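Novice: Each chain is listed here by its residues.
2 protein chains.
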Amino acid sequence: MKFQVDRHAATPVAQQLEEGLRQWIRHNGGGRRLPSIRRLAATHNISRNAVIDAYERLVSAGLIRSKPGSGFYVTDRVAVQANKQPTFNPLQEVTNGLWGLFSAEEHTLKLGCGWLPNDWRESDDLTYAIRQVARNSRSGIFEYSTPQGLLTLRRLIQERLRPLAITTDAQQIVTTNSGSHSLDLLVRLLLEPGDVVFVESPGYYNLFGLLHLQRIHVVGVPRLADGPDIERLEALLAQHRPKLFYINSVYHNPTGSTLTPAIAHRVLQLAERYDFKIIEDDIYADFQHTPTTRLAALDGLKRVIYLASFSKTLSSSLRVGFIASPPDLVQRLVDIKMLTSISASLFSEQVLVTLLQNGSYRKLIERLRTRLSNQMAIALTLLKKAGWEVFTEPAGGMFLWAKPPTDDETLKATAQRYEIMLSPSHLFLPDNATTPWLRLNVAYMQDPRAKAFIEANRSYANTSK
Amino acid sequence: MKFQVDRHAATPVAQQLEEGLRQWIRHNGGGRRLPSIRRLAATHNISRNAVIDAYERLVSAGLIRSKPGSGFYVTDRVAVQANKQPTFNPLQEVTNGLWGLFSAEEHTLKLGCGWLPNDWRESDDLTYAIRQVARNSRSGIFEYSTPQGLLTLRRLIQERLRPLAITTDAQQIVTTNSGSHSLDLLVRLLLEPGDVVFVESPGYYNLFGLLHLQRIHVVGVPRLADGPDIERLEALLAQHRPKLFYINSVYHNPTGSTLTPAIAHRVLQLAERYDFKIIEDDIYADFQHTPTTRLAALDGLKRVIYLASFSKTLSSSLRVGFIASPPDLVQRLVDIKMLTSISASLFSEQVLVTLLQNGSYRKLIERLRTRLSNQMAIALTLLKKAGWEVFTEPAGGMFLWAKPPTDDETLKATAQRYEIMLSPSHLFLPDNATTPWLRLNVAYMQDPRAKAFIEANRSYANTSK
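Protein chains in written order, with full-length UniProt numbering: chain A, 1 to 465; chain B, 1 to 465.
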């Protein structure tokens, strides 16, 4: 293998190695065996860890794979996910879609993904808090948290819900590992196989997969720019008896829309009349400048179970989320949490407490809000200029739901040309139907490739504008 | 409230406050309202955080509770869990039992608990690794891990399984949050409501609760000193068709016994004949000096699914465990992991990688093994002298299963006298039957109260010895 690794260059050795290996792979193609970790380290006079790191990145990128007892091989690379329409398997579909985004090659622009770009994340305050906890808290680095979660954290969360007009008590709050974990606990608490659950369409695909896993009958309610389609909801309630309606109130995934007070009120009236519970997923809450009406605020946490997390703003690595629950569900929720994972990470809980107490978290989300609002405005202008249709014009948050004026073929070709990774749109629909709409994450629109991609998909009817 | 807080004393303010409050509670009894956090902070000229900390500890200890919008109140303290025999509810029972140990008052001696005492934990290496990752890895503090878990970590785990003669590949390993999380993923992957699962009796109570939660029919197979009772297993196989048999091979919880090669071989023969899978729970593996035969080693990870974690040795706060799985189950296991919690903590995975790579973890477990073996020998001598019966004499690990020569009443009275918290024995039996056997954690036997308690429960037949 002929490539140089310079141990004194600014680029880390593992990254140089990865780039060299990518070239080698490009020239040599699928099926070839790579040198062993030991050998590659020896021939290039670098550490085995650097080689492991580089190989790991290539495995993540799907370029190589390891075979038991035999070493690493270049994969026969998968063709671009074009017109593939396999037998319908929602679980498989969702996880394949997710896998794509989680293990995308690093140079691709993840314009369709559901989290902030790494270079938007701010490390100073978080690093400080981590070191504080590591230095000062023996229990923090060693012990289980309490089953319900650290009380100090729950009280701080209680405080944070006050500006949203959600009145709750720390005793009603249960910490979890994430929004997904919260959903999983709630699904197991509230549902039995065969139960009916209403979801929004389009909506959060991981939830659909989770409900299929638990053999729940999923019914989609159209999501409009102001919340769920109430007329359609009423019609569906004449046919089904849902136990639960899952709603993503603010900066809805994938449409970016926000529930209005009037729709919130109507949904709650229907929930009362047809006796179903509501899960209000508010994981984008902290991206919002001025709080709007929450279902949990109107309802006072009686029928509404509220959840949010810190993964989208602070860190996806710490794994901290929470549920604010009606009082009568708390004990069983904690039971299920304990039986399935004992407790959350006390360390992560204490790190979060530090950041909430010293004001860093508040300042962080203020900066993020401003930055996202600005990006949103820029993105909307860009899309309109190119003749894309937008579902609604959000004031902030990450997501835009937009329809390109070009056909599927042009879209895919340009995405490939500009190395853009889109999220598979059909996954946002509970029945996996095809849709011309795309979820765009405006935080990735700073990259010039995004602009080029959108302009390459412009409407020729609009060229004169 | 009359007590002094000295801000310059060696004892932290929150702890002084807690002690003062405990005295006050003792004198004033249940139902009384405590001062608000703000007021107590003001009258004692201390920070509100210190008051929150103190209140939190008292809530954890069950001495006070908060009421929504009203403040903190002294609880009407729960009497010692004596002859209470409520309606049978396995889930409730397990979680109540667990709650007790997780939120026990700090001064009690948790002789029955399932983890190492805080003062056995070693912080230097762990703190170092945490700071390394916080300083050097942007992705580590921010990003999701890969769905299957960090490849470097999986390769290190693969290496660690080699001395146990478990041949596997990093592609067969999936990281999880803990042993409990591993079990939960496997239960959801492999079982449907109504399925039959064989468990060991006595065995791991959290598992029983988890299986009940998933509506699995649980059948207990007696655990003997050399592993499951093969004769009884064969008889039960004539009546039931289990999908799965859960076995805790080494330093079994709660008996401390270890599976012999002969029994392992017989179990696998039966698994073949009656076509069931085996979950080999090996979370106490690292407490063992010289590896004994693992089911996964004999079977080559075909029918056996192997799991372990780092919670018992390194830290219960980091939340890292893993599954080594037959190749055909990996993809679906990862799917379920993603749908229910997206990924494990990349930060924790990287901290563990650091400790596994720099040798600290190896040295840590060597010290723990020696310490536990010594404690085990001391405990066995002590128990035999006092005329207790022991189920088996483990060479190491934390657990001893022992039968006191005294009656239940004496046992409870002496436990109360020496402030000893025992784990509720009936929970270890899948049918929650009463049993005179107790699980003792030898790591807590260094406390003089343990010796006093055991000697207070001595056999008078043995006094002459």
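Just so you know, the hints here were simulated from the structure itself, not pulled from any lab data.
Note that the structure is a prediction, hence the values are computed from the model and not measured.
Fair warning: there could be bad hints in the mix.
Straight-line alpha carbon distances no greater than 30 Å define the calculated DSS-like cross-link-like pairs of lysine-lysine that follow [claimed, not checked]:
1. B:277 / A:67
2. B:277 / B:243
3. A:412 / A:384
4. B:67 / A:302
5. A:277 / A:302
6. B:385 / B:451
7. A:243 / A:302
8. B:363 / B:412
9. A:277 / B:385
10. A:67 / B:302
11. A:385 / A:363
12. B:403 / B:384
Sample of chain B residues with no beta-carbon within 10 Å of chain A, all distances over it, derived [said to hold, decoys possible]:
13. 28
14. 155
15. 298
For glycine and all other residues, C-beta sits at the position ideal for the given N, C-alpha and C.
Novice: It remains to establish, for every hint, whether it holds in the given structure.
Specialist: Each hint, compared with the structure:
no., hint, verdict
1, B:277 / A:67, "24 Å, holds"
2, B:277 / B:243, "6 Å, holds"
3, A:412 / A:384, "20 Å, holds"
4, B:67 / A:302, "17 Å, holds"
5, A:277 / A:302, "9 Å, holds"
6, B:385 / B:451, "11 Å, holds"
7, A:243 / A:302, "14 Å, holds"
8, B:363 / B:412, "39 Å, violated"
9, A:277 / B:385, "60 Å, violated"
10, A:67 / B:302, "17 Å, holds"
11, A:385 / A:363, "34 Å, violated"
12, B:403 / B:384, "11 Å, holds"
13, 28, "22 Å, holds"
14, 155, "7 Å, violated"
15, 298, "18 Å, holds"
When each numbered hint is compared with the structure, violations occur for hints 8, 9, 11 and 14.
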